[in-house]
Amino acid sequence: QLQLHESGPGLVKPSETLSLTCSVSGDSVTSSFYYWGWVRQSPGKGLEWIATIYYTGSTYYHPSLKSRVTMSIDTSKNLFSLRLRSVSAADTAVYFCGRIVYSDYYFDSWGQGTLVTVSS
Amino acid sequence: QSALTQPASVSGSPGQSITISCTGTSNDVGYYNYVSWYQQHPGKAPQLIIYDVSHRPSGISTRFSGSKSGNTASLTISGLQADDEAAYYCSSYTSTSAPWVFGGGTKLTVL
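Which chain is which? The protein sequence lines are A and B, in order.
Anchor point for the first sequence: position 38 equals 38 in our numbering, and the numbering is continuous, going up by one each time.
Anchor point for the second sequence: position 108 equals 108 in our numbering, and the numbering is continuous, going up by one each time.
Hints may be right or wrong, so weigh each one.
Stated by the list, open to error - Looking from chain B toward chain A, a few residues come up when the C-beta cut is under 10 Å (computed): (1) Gln6; (2) Gly30; (3) Tyr31; (4) Asn33.
Because the hints were derived from the structure by calculation, they are not lab data.
By construction, the Cβ of each residue, glycine as well, lies at the ideal position given by its N, Cα and C atoms.
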């Protein structure tokens, strides 16, 4: 059974870098049938797509975050990661990782989410 | 990149049916049959309930159905139950620089 688990610091200082990892069990991040992605949800707000990666290393980033975000994949550890630089209070959110069906572009499985607060 | 447009809230009584709309453009909902819907209870992760406009994943009740007409997709929930009270989000693949886009979400209240 597929499980995704986000991990990382729950508190990040303004201007620093937010780093999260999503550990995958029950599937391989090298599967050609899926993308892997990140979505965030600011307090009381809706879902916002952040970034997506394919096992080949191809990446897709939200245009408004593209200058600050990097997504990577670690096939040896079966996980993928998100780095968001120069964070501000506006980046405070619950961050979800998910698996995306390659042929149909929908998130078929999600992690439980991790709250990241940006504050000094 | 604009989010897809959903009503902020809808409500219905147990046993009734409700429909939530999701309006996009010819770059997303209107062009691709890659519309999906997610249910999110407070404090929980989203859960896929509809993919490819009208397909239900295994284990999802037949009370949930999806459709599309032009640039607008719709989610219908029939026979409303108390546990249906949640937020619902639509999503679509897009041909713009941001391939994935979500709607703003609709809060469903079961009266």
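Hints, verified against the model:
Interface hint at glutamine 6(B): satisfied, since its Cβ lies 9 Å from the closest Cβ of chain A, which is below the 10 Å cut-off. Because the smallest distance between the Cβ of glycine 30(B) and any Cβ of chain A comes to about 15 Å, over 10 Å, the interface hint for this residue is violated. The interface hint given for tyrosine 31(B) is violated, since its Cβ lies 13 Å from the closest Cβ of chain A, which is over the 10 Å cut-off. Annotation: asparagine 33(B) was flagged as interfacial toward chain A, and the flag holds, the nearest CB pair being 9 Å apart, inside 10 Å.
Comparing the model with each numbered hint stated earlier shows that hints 2 and 3 do not hold.
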